[in-house]
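Kindly produce the complete structure, drawing on both the sequences and the hints.
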Amino acid sequence: MKPLLSPKIETGSGPKSPLWRRLLAQRHLQTMALLGVVWMIIFNYIPMYGLIISFKDYNIVKSIAEAPWVGLTHFREFLDDEDLVNVIRNTLGISLIKLLIGFPLPIIFALFLNEIRSLRYKKAIQTISYLPHFLSWVVLGGILATWLADVGIVNNILLSLHLIDQPITYLAEPSYFWTIIISSDIWKELGWSAIIYLAAISGVSPEMYEAATIDGAGRFQKMWFVTLPAIKSTISILFILAVSGVLNSNFDQILVLRNSLNDSASNVIDYYIYYTGIVSNRFSYSAAVTLIKAVIALILLLIANQVSKKINDTSLF
Amino acid sequence: MFALKRKTKGEALFDIVNNLIMLCVCFLTLYPIWYVLINAFNDGNDAMLGGIYWWPRVFSLKNFDAVFASPGIMQAMGITVAKTALGVLVHVFFTAMVAYALSRKGLIGGKFYILLGTITLFFNGGLIPTFLLNRDLHLLDNFLVYIIPVMFSFFDLIIFMTFFREIPEGLEEAARIDGANDWSIFLRVVLPVSMPVIATIALFHGVYQWNDYFAGIIYVNNPDLQPIQTYLFRVVAQSSSNQMMVAVQGSSLTKSVTSQSIKLATMVVTTLPIVFVYPFLQRYFVKGMMIGSIKG
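If you read the protein sequences in the order shown, they are chains A and B. Take the first sequence: its position 146, counted from the start at 1, is 146 in this note's numbering, and no numbers get skipped. Just add 1000 to wherever you are in the second sequence, counting from 1, and you've got this note's numbering.
These are calculated hints, taken from the structure and not from any lab test. Treat the hints with caution; some may be incorrect.
On the chain B side, residues computed to face chain A include the following (Cβ under 10 Å) [said to hold, decoys possible]:
hint : residue
1    : F1094
2    : N1124
3    : G1126
The beta carbon of each residue, even a glycine, is placed where N, CA and C say it ideally should be.
Given below as structure tokens:
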């Protein structure tokens, strides 16, 4: 990460004056900064400390400090849970398919959108394409429920084409759940995710394209040999972030679309944490699962970062 | 000049295919939204027969009348407007303030403060410890739970700092010679020239506030404090469409509306404000996203 401090010097106090004098000179700035630090300590660091309840038997009556230590009991319990395999399969399955399809699609979309000649037309497509990003998952859930209902438009079309004999209740069938999750996610975020690539593409020097034209490159070749390599580092960074987030299922989306009928395909680790913690009040157990998830996510981030550093010299740190 | 640049056959074909692909993408993006819109503007009982694909068959504003007449829905809408307006104001001001302080060089402890913040980008306590904290702070069933726990974001702070560093030093020095202290420089010099980045962060946080339904689920039991998205969630996800009907009963409109048609109208009402705002802000957020994500 690049240094976040600006090169500006505090006026009214040279770096050689004593500490207390400098502190006094910057008391206003210190107040502003410390307000932020206090907020972070309360809302970021106290919850991190709160994770120690995963090694304790916490209940609402006692404070965190009073709760008795129980070692790794909760972690063992998770490993013995019969839901474990299902939860991991759903989390990884949905995420990996999203990574496989949902990650490259915005890049492809950006590459093709970049080839649209008319600036106004291009702008219009862009504006339309990120409209869905601004809809909430709740509203999108409502749209999907309308489309996929037994009397919904999807069933109507399939029935009239005689592709199915009777209406399918898609949201009640586990076998359709992943498809619904992944395609609706792509629908919502395709245009939005493409912004960053379009911005990167706009930074490519036009001379590169001119040189490629002189060498006789066609449109596809220019895309492949000029544009794509030029945005490689952007792609790598976003890929590292995507890999480290593999265990983060899109919780807002899952919670809206899941129900007890599709549970076998929709119970992902984030929902499991929510369910065991908030719904069943097993605070310590839920925190233990959170901790396991965090450790695995950290390992994934480090691996992705190292691999990217080796392969194409791009890394987060 | 233009005429000289003749397209080859391959180029022309490429352009045609590409334009077709883009038209498909646009259609696929817009049609599901359009479908909801036309059905919301159609008479409820008639819509149940299905077959409305391009245009309302029996045009009616009754669904919207029912939505606006329902005290529950309007109360939830009011909460959402309040939490979005106040949330954006507090988030933008507080985050910008801390960012301004941290962007000054020579700030004693500055590097340490930034380290503290950077750690929060990668680690957090997660759902349960956060829930317990908010409970201990008496934020449960409290409007402030929508504001205080999200009034600061280190990620947004980085975007602010990147912008603040580009502000010419002369501006600040001139104010200092005029006797301004750091507060007045921040309020009267830095904030007014930072409108692009303020618009970006305000839009991001505004969308978050407007669309968030989860805080309403886990922290709030009192139905009077529930935002519209939470209200809609309970109806959509738990498909207890009866709740909607109960909400509008007594409005004497129930004959031409159904729970489904009210649901669609509520979705439209919920979404419209944001759809109106974003085209005006888009020139800002493209830049904002660039600063925030890549320049690492």
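To see whether the hints hold, each was checked on the structure:
{"no.": "1", "hint": "F1094", "verdict": "holds, 7 Å"}
{"no.": "2", "hint": "N1124", "verdict": "holds, 6 Å"}
{"no.": "3", "hint": "G1126", "verdict": "holds, 4 Å"}
When held up to the earlier numbered hints, the structure conflicts with none and fits them all.
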